[in-house]
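Undergrad: Protein chains in written order, with full-length UniProt numbering: chain A, 1 to 324; chain B, 1 to 324.
For the record, the hints were derived by calculation from the structure and aren't laboratory data. Be a bit skeptical, because a hint or two may be false.
Since the list can't tell identical chains apart, any single copy or any two copies may satisfy a pair.
To be verified - Computed cross-link-like contacts, DSS-like style, restricted to lysine-lysine with a CA-CA straight-line distance of at most 30 Å:
no., residue 1, residue 2
1, K80, K237
2, K113, K237
3, K237, K311
4, K90, K80
5, K321, K237
6, K311, K90
7, K167, K311
8, K113, K311
2 protein chains.
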Amino acid sequence: MQDEVAEVVANALRGRDVTHVAWVAAGGSNGGFYAAHYFMERECATVSSHMYTSNEFVLAPPAYVDEHTLCVICSMRGTKETCEAARVAKELGAATVALYVNESDLTRICDQKIAYESIALDQSRTERVNSSVALMIAMSLASQVDSYDHYDEAMYAFDVVDGIYRKAFARMQEPAREWAARMAGERTIYVMGSGPAYGSAYIFSICNIEEMLQIDSPTINSCEFFHGPFEVLDATKPVFLLLSVGRCRPADERALRFLRRYGGPNVYVLDGMDLGLGELPQDVREYFNHILFSPILNNVYMRALSAATGKDYMTRRYMWKVEY
Amino acid sequence: MQDEVAEVVANALRGRDVTHVAWVAAGGSNGGFYAAHYFMERECATVSSHMYTSNEFVLAPPAYVDEHTLCVICSMRGTKETCEAARVAKELGAATVALYVNESDLTRICDQKIAYESIALDQSRTERVNSSVALMIAMSLASQVDSYDHYDEAMYAFDVVDGIYRKAFARMQEPAREWAARMAGERTIYVMGSGPAYGSAYIFSICNIEEMLQIDSPTINSCEFFHGPFEVLDATKPVFLLLSVGRCRPADERALRFLRRYGGPNVYVLDGMDLGLGELPQDVREYFNHILFSPILNNVYMRALSAATGKDYMTRRYMWKVEY
Numbered sequence: 001m002q003d004e005v006a007e008v009v010a011n012a013l014r015g016r017d018v019t020h021v022a023w024v025a026a027g028g029s030n031g032g033f034y035a036a037h038y039f040m041e042r043e044c045a046t047v048s049s050h051m052y053t054s055n056e057f058v059l060a061p062p063a064y065v066d067e068h069t070l071c072v073i074c075s076m077r078g079t080k081e082t083c084e085a086a087r088v089a090k091e092l093g094a095a096t097v098a099l100y101v102n103e104s105d106l107t108r109i110c111d112q113k114i115a116y117e118s119i120a121l122d123q124s125r126t127e128r129v130n131s132s133v134a135l136m137i138a139m140s141l142a143s144q145v146d147s148y149d150h151y152d153e154a155m156y157a158f159d160v161v162d163g164i165y166r167k168a169f170a171r172m173q174e175p176a177r178e179w180a181a182r183m184a185g186e187r188t189i190y191v192m193g194s195g196p197a198y199g200s201a202y203i204f205s206i207c208n209i210e211e212m213l214q215i216d217s218p219t220i221n222s223c224e225f226f227h228g229p230f231e232v233l234d235a236t237k238p239v240f241l242l243l244s245v246g247r248c249r250p251a252d253e254r255a256l257r258f259l260r261r262y263g264g265p266n267v268y269v270l271d272g273m274d275l276g277l278g279e280l281p282q283d284v285r286e287y288f289n290h291i292l293f294s295p296i297l298n299n300v301y302m303r304a305l306s307a308a309t310g311k312d313y314m315t316r317r318y319m320w321k322v323e324y
Numbered sequence: 001m002q003d004e005v006a007e008v009v010a011n012a013l014r015g016r017d018v019t020h021v022a023w024v025a026a027g028g029s030n031g032g033f034y035a036a037h038y039f040m041e042r043e044c045a046t047v048s049s050h051m052y053t054s055n056e057f058v059l060a061p062p063a064y065v066d067e068h069t070l071c072v073i074c075s076m077r078g079t080k081e082t083c084e085a086a087r088v089a090k091e092l093g094a095a096t097v098a099l100y101v102n103e104s105d106l107t108r109i110c111d112q113k114i115a116y117e118s119i120a121l122d123q124s125r126t127e128r129v130n131s132s133v134a135l136m137i138a139m140s141l142a143s144q145v146d147s148y149d150h151y152d153e154a155m156y157a158f159d160v161v162d163g164i165y166r167k168a169f170a171r172m173q174e175p176a177r178e179w180a181a182r183m184a185g186e187r188t189i190y191v192m193g194s195g196p197a198y199g200s201a202y203i204f205s206i207c208n209i210e211e212m213l214q215i216d217s218p219t220i221n222s223c224e225f226f227h228g229p230f231e232v233l234d235a236t237k238p239v240f241l242l243l244s245v246g247r248c249r250p251a252d253e254r255a256l257r258f259l260r261r262y263g264g265p266n267v268y269v270l271d272g273m274d275l276g277l278g279e280l281p282q283d284v285r286e287y288f289n290h291i292l293f294s295p296i297l298n299n300v301y302m303r304a305l306s307a308a309t310g311k312d313y314m315t316r317r318y319m320w321k322v323e324y
């Protein structure tokens, strides 16, 4: 996978000076780009990184998109507006790479493609899900365009992250069951996170809690919390905080202190250190928050909440059923 | 104001080649930069635009920030982490501009400063609130660095937008009262918007509904709605949709069709055309969505909801009361 990604990036760079990378997708696939985008902004000064939900990219494409832009576009099965975004990117001259599970117009339109494995399936390998492949693209891009001093450690981290996930998957079953038992019957669950874990918080809200279980779930950035949202906190409010590992951890810790002081027993914290992030090399572990948080949230916490509420997580009101 | 802004931008550009602009603030001030950021991405190919919540900028500053970056940093009264962000930006060599109401460390740290007027006060002029000043900076920057063909029309729009706001303020009182009467007693109100109006949706959620009235309020991008959040919709769910004017309107219209079909009487739509956006020149009106939506939401809809719920909108549990 690492060689495949490095080759795709090398192909995209051949004969073009890439100054921008745009990550384009919808919903969970869009949130799945967050780790790659966060990495690019912190480690690559020469390529500007930007994220878009597909339909905004289609309707009002950024002015900079031209042959110096790499567009990485993700859809599991070829979401209509995401295919359209690929068409727009290509027309504007960008290099295009599709991330996909099933072939579709997306893979037919893009210059290159990389298959990924669905995060929701237990047999999928952690380093092969969409957010991992995107992060690998970002690291490869940074390494080939500038230089990325910790590239080898990062690739080592991809080698071992699946084993770390499997252990965390087993270890978090019981804490997740306890959390879910307490949450059953709640109508709103806030999810908080910051920096490298914010994308995981967003996906947990919109894909797991809202889409799969039909429970309201605002996502709040731990830093923004103190500038508005914290006023909703009382002794009963359900809040799920992702405590990230790395430079933004103090922002999450500040939120946690406040939640512990003014919130009540429905405040829950999931610490990235408890997921095994500390086992990854110091200089790269921050960038793997999303890579461990997201599958644990999807496959342990969401499933536990589904079991506790007695609601099958394949329940849908609209998806697969009506036109939209 | 327009001359003052143009001069500040010219000063920032003197002797430096600006390749990036970073908009840095917390909460409502952060959301207030959305119009400027949206404009930059669509109209200025040569300067990359990025938004950050202050504390993330402090803890994990972007790699690109150096003397080729313009940092525009906003805080009404000198929010602690926003002042710290200004210090970090300055240390990294960026040109710094403070937007402020009261002088503070922020104005002492930054190279330059521009005073703005609070959106919450009826006597403030629409073209002088923080989001207007930021948009004016963006337009001036685009015009001075590249060229912005519609600069004169945009400045004309700033000349007339306050009059348009005053008329909308009067016209929307009754619709807002009706909406608020229906919402009184609801515990969760979704706010939806996209593209140039997304920042207004975010601020309405976190500052008006959550902070001032302590009601839960997830913000959903109209494009992302179909990829998760729409599964929470039923015949009773309260949803407030901003129908933007410009290229992203079809995304909001698609969401509206779905909301009308599967939602119920608690679905509400506020159309930017009803606020008078159609009175602004065709080529620039899209960029003024935020400039009209935000004061109408803050000063008409929020106040109406405050009256209908009998909750003083100066009610706070924590702000001004406890340390955090």
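Undergrad: All hints are to be evaluated individually against the structure, with a verdict given for each.
TA: Right, here's what the structure says about each hint:
Proximity of K80 and K237 under a CA criterion of 30 Å is satisfied inter-copy only: 27 Å between copies versus 37 Å inside one chain copy. Proximity of K113 and K237 under a CA criterion of 30 Å is satisfied in neither setting, with 44 Å inside one chain copy and 40 Å between copies. For the identical chains of this complex, K237 and K311 are neighbours both inside a copy (22 Å) and across copies (19 Å), given an alpha-carbon limit of 30 Å. Taking the shortest alpha-carbon separations for K90 and K80, only the intra-copy value of 16 Å comes in at or below 30 Å, while the best inter-copy value is 44 Å.
Within a single copy, K321 and K237 get their C-alpha atoms only as close as 33 Å, which misses the 30 Å cut-off; across copies the closest is 20 Å, which meets it. Taking identical chains as interchangeable, the C-alpha atoms of K311 and K90 are never at most 30 Å apart, the minima being 42 Å within one chain and 52 Å between chains. With identical chains, the CA atoms of K167 and K311 are at most 30 Å apart within one copy only, with a shortest distance of 27 Å there and 49 Å across copies. In the homo-oligomer, the alpha carbons of K113 and K311 never lie at most 30 Å apart, since the shortest distance is 36 Å inside one protomer and 55 Å across protomers.
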